[in-house]
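Engineer: Line by line, the protein sequences give chains X and D.
Residue 0 is where the first sequence starts when you use numbering that gives the first Met the number 0, and the numbers rise one by one after that.
Residue 0 is where the second sequence starts when you use numbering that gives the first Met the number 0, and the numbers rise one by one after that.
By construction, these hints were calculated from the structure, which means they are not laboratory data.
Note that the structure is predicted; figures quoted are calculated from it, not measured.
The C-beta atom is built at its ideal place from N, Cα and C for all residues, glycine as well.
There could be a bad hint or two in this list.
[To be verified] Going by beta-carbon spacing under 7 Å, a handful of chain X positions derived as facing chain D:
#, residue
1, 47
2, 53
3, 96
4, 99
5, 102
6, 114
7, 121
8, 140
9, 171
[To be verified] In silico DSBU-like links for lysine-lysine, alpha-carbon gap of 35 Å or less:
#, chain 1, residue 1, chain 2, residue 2
10, D, 1, D, 211
11, D, 451, X, 57
12, D, 222, D, 251
13, D, 273, D, 289
14, D, 289, X, 50
15, X, 57, D, 289
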Amino acid sequence: MSHSASQTPSPAQTNPGRRTFLQWLTYATGAVAAAVLAVPFAGYLLGALRKHRVQWVKLGPPSNFPLNETIAETFDNPLGQPWDGMAARTGVYVRNLGEDRFLVFAMNCAHLGCPVTWFPQSGLFLCPCHGGVYYENGQRASGPPTRGLFQCVWRIRNGQLEIQAPHLPTLQNTLDRPVRV
Amino acid sequence: MKRILAWLEARLSLRDTVGPMLMHPIPRGVAGPMGWWYVLGSASMTLLLIQVLSGIGLALVYVPTADHAYESLVYLNYQQPLGWFLRSLHYWSGSAMVCMVVVHMTQVFLHAAFKYPRELNWLTGVLLLFFTLGMAFTGQVLRWDADAYWGVGVGASMAGRVPGLGPYLVDLLLGGPLIGSDTLSRFFALHVFIIPGLLLTFLAAHLWLVLKRGISEPPVPGKIVDPRTYQEEYEKELKKDGVPFFGEALLKDALFSSLTVVVIVVLAAIAGPKGPGALPEPALLGANPKPDWPFWWLFALLSLSPPGAETFIILALPVVLIGALLLVPFVSNRGERAPSRRPVTVLSVIVIATVIAVLTYQGATEPWSPVMGAWSGDAVPESLIQASTPLQLQGALVFQNKQCRNCHALQGIGGRRGPDLTRVGIRLTRDQLIDQVSNGTPGGGNMPAYGKQIKPAEMSGLVDFLVSLRPPGQKPARPAAIAQP
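This is chain D alone, in the form it adopts within the complex (with noise of 0.2 Å):
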């Protein structure tokens, strides 16, 4: 053994290369209880690894071809020996990987880890974190469902509203005039080759740089970054007090990324698969497409924003946020590193973690899109209509017949476009009530004109039903009084 051993060093020189790079010492903290802080990088690609794995096997089954994809993925839930779990890991895997990589990113922003020397440790993670959210995406696209379809088309619209350029970025993200085979292709090379590839090599350039720049040192208070003298200081620290990085550092890390392991196992097979959902065929209407949970902010933030700023987000948001956060290490590269030293960033990170939760949580309920079937499936609810009058109920038949529901709720159910009328008879006179329906909202906001698709006898059964939508006791609304001279 000894000599096989002897035989193989004697042509690799594992010890020259290899040895130093596991033994090479980093700062006694990172072996204490602050050591608990570093172990989220090792779990994303711990995670990484689970990604690499499962996705090779669901590509000795999957059909990455607009006419088979779907059922190759119902075939891998339901006959292929464990295809369920395969695919239910790499979505659950793949979605802890976003937070993992999300939450270690946080982390070195608050302990401000990305000051001199690492600037370039930064700007590759930065570069990981959206090759992350793009192989999310990409993923989703290769679930070939209506969600998959209807994305790839809000996707190509959005590339459609750039200035000139839009028609020739739609066809070359579709890969042709409409979304097929070709799109799917291209999806599927993305995930598969160019994005992997990508990702890859970032994350050797990343490692590399925390090797040969060494693991920051938890922060403390007072200690400042000063580019001059950090480097000096930080190696006679490491003489001083080093530890090998192959020991008790790495333990921490293995012992995360087994518990993290085991906790996306249990759950993926608890969870199970996502999808695939509705079929994939553009003709089957009433499709409401949403995307995966990592882009429920941006889903939310383009479905909130004013209609005239829409093409202005959709074009330089991006470029912000990436401008934004690739500038972070050069806007602060020296100075404390102690986040109780530094209150602008714990805000920021607390400002935009509750943004985006915020905006996540309404991407979920989605309250813009129109209920498509409240109109008959929500009945008009009891209590509502138990005093009404024969024009009234008319009135309510017309409300539920021309669709008001899908945006309009009462008691809560139904759309939420537009308000909740539960109440409506005790804010809107009878002639608003019928200004409002007959004209919409002026300007041509939200409520469309519904002047020409209603007849004069459905409009006084329907304004008088909505009048008597009222709390029980309350008289309803009536013009301000002109006030006597």
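This is chain X alone, in the form it adopts within the complex (with noise of 0.2 Å):
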């Protein structure tokens, strides 16, 4: 460095002010590719968090569900994609208590999401994960659960029981209320 640096002066010495703004420009300019570059993905990769627009199921007349009977209930659910195939076909329990009222239990137990079977002869809906237990009303029984089953939105609309299409229920997203979906 010593013998170069007295015969020929380094570019920074020539033009200090000039070598330095180069530099940061360089430095700018990366940092800017950088940034137009990762928003973009960003946003893709966060694309799996929009809003989904609400969208109703229709499970068929009151009059198909039995008074007092819990009845297993299945259709391919509108959330998914149209090459889900079997995975999107989904089931619900629909308990219809008389009066135009029911209880629509989505079969995903609260616990960590195995679905339940529900056993009229006891009339307790089983896990077979962890052996969470839950009443006919959907009211926790026993076992690791912390709640109750988790309930669809639903509503009578034309003559036809309509639910809102479940998502995945978990403790913090649930389907009573129509949160993010």
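Put the two chains together into one complex; each comes in its own frame, and the hints tell you how they fit.
Structural biologist: Here's what the structure looks like:
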């Protein structure tokens, strides 16, 4: 360094202002390049969080559901993709309480989401994974769940029982309130 | 030929770069009988190579969309020539890789090869372990059957418990509001691009560190690692007594890896591929999802933990475990290396291995899961009702019909979530039984309250039956006598 510096001045010495400017310009351009690449990419990844339009699923006329019985009803969930195949085939439990009042339960256990089975003989929902048990009104009976079964939002429109297509219900994103759907 | 090699060498300069890497000296002890301890890392890499090759092969045929993934797996099993073998190889070699990586890590831990100056070898190794487990989990999801579907559901439900962020994490994990094609595509990308990319990158770093810091010499009791003098002594020993890496030591690796390959290929050919199991259709109820074996211990830990502690265990345990592993070389990076001088290390290995083995066994048998078909599938053992009155027989019927059997075994058959009731008559009195059946476990425990689900006549039959469940000649339980004044 010492011998070359004495003969030819280094670029920084000839014009320090210009050198520094170009250096910072390079950093700034690099930062802009990284940002214009990263922002749309992050937006793409966060696309999974976009809100979904509320969609109503027709389950048939109320008279299809015998009074005070719990019926498993299946349908293709419209919240999914057209290429979801059998994974879109969703089930809910419908209980007709009479006078156009219904209970509609998601089949996912409130513990860790496994599918509960209805046993009419004992009037209980049993979860096969960790033994969560619920009464016929969806209240927790025993086992690890911290709450009752998740309930779908329902309405009767044009003589049809309709429910809001359920997303995967979890403890902080239930189906009762139409949250983020 | 010679001229071609010379031409290539003039351009690639391999003699200056790769040559020294291959021929660098390693401690003489590694070439001796102790060298057999050093073959586990290269065997893990060999299994990784099988995974890459068989994985590429499977990707040529497998369809990562929710509507056709299952069909393409069945096609691989039954139509594609040797498709079954490739699927089988990928499963068994992957399983073996998980084992090999864990055994490799245990050996490094026992021989304290993580001490100065090889802390980073350990840290990259811990990351490689977690990438390997990540491959195991994402790979299970690609086997798009009921276990995969509900396994993702359980994972998402766990993520959903993170305070505040939960719902967003669930959507990010699933790629949308449901478990569907977006979910499968994302796990495909994780399994095929993202985790392998990370794994290979950190494997390169791991190997670089092995090369630059040198292979640790076999531990000798009394020989202390001291950061001030270690490097100097290590290099002195290599100069005096080192043997080239590309030589006898590598022969052991080659032999062990070859044996591993042969064993895995034979195992894959005999055992066959795993699944796909039941259809991934959520409306088909009665699924009993189970993770693959590397996660049975975790499955058991979560299932056996009290509900109150569950969220804490789900969210905090991974942080604690990963943190503990990462801290190992910083807690102890000097001193003795021989296992015979490090009793705490040996004891921890024994305790950790026992805990994981016991939990894995529990995960395999899952006694906490009700047996959903026991009430209709497993008859009341004949020996229990041979002397029954008509009322007791009616009670036995109630016992089966009300699904009691799903959680309560009789003579060991049936669910094991609640106690086996073969001898309940000598433990509980009539009144206690009525209370237990009507009100369930006090405070909302394991037993649901059947009070509203059972008619008085059914109850008297059921309790009569339960009281009759006693070994021959034993009297029924009775209330403790009140002490006479």
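Engineer: If a hint holds in the structure, say so; if it does not, say that too.
Structural biologist: So, going through the hints one by one against the coordinates:
Annotation: residue 47 of chain X was flagged as interfacial toward chain D, and the flag holds, the nearest CB pair being 5 Å apart, inside 7 Å. For residue 53 of chain X, the interface hint is violated, the least distance from its beta-carbon to any beta-carbon of chain D being 11 Å, above 7 Å. Hint on residue 96 of chain X is violated. Least Cβ distance to chain D is approximately 15 Å, over the 7 Å limit. Given hint, residue 99 of chain X at the interface with chain D, is violated; its Cβ is 24 Å from that chain's nearest Cβ, farther than 7 Å.
Because the smallest distance between the Cβ of residue 102 of chain X and any Cβ of chain D comes to about 16 Å, over 7 Å, the interface hint for this residue is violated. The interface hint given for residue 114 of chain X holds, since its Cβ lies 5 Å from the closest Cβ of chain D, which is under the 7 Å cut-off. Here the hint on residue 121 of chain X is kept, as its CB sits about 4 Å from the closest CB of chain D, short of 7 Å. Evaluation of the residue 140 of chain X hint against chain D yields a held restraint, the C-beta minimum of about 4 Å falling below 7 Å.
This hint holds: residue 171 of chain X has a C-beta 4 Å from the nearest C-beta of chain D, less than the 7 Å allowed. The straight-line distance between the Cα atoms of residue 1 of chain D and residue 211 of chain D is roughly 31 Å, inside the 35 Å bound, and the hint therefore holds. Restraint check: the Cα-Cα separation between residue 451 of chain D and residue 57 of chain X comes to about 32 Å, which is no more than 35 Å; the hinted pair holds. Among the hinted pairs, residue 222 of chain D with residue 251 of chain D is consistent with the structure: their alpha-carbon atoms are about 26 Å apart, no more than 35 Å.
Between residue 273 of chain D and residue 289 of chain D the alpha-carbon distance is near 13 Å, which keeps this suggested pair within the 35 Å criterion. For the proposed pair residue 289 of chain D and residue 50 of chain X, the alpha carbon gap of about 32 Å is at most 35 Å, so the pair holds. For the hint linking residue 57 of chain X to residue 289 of chain D, the alpha-carbon distance of about 33 Å falls within 35 Å, and the restraint holds.
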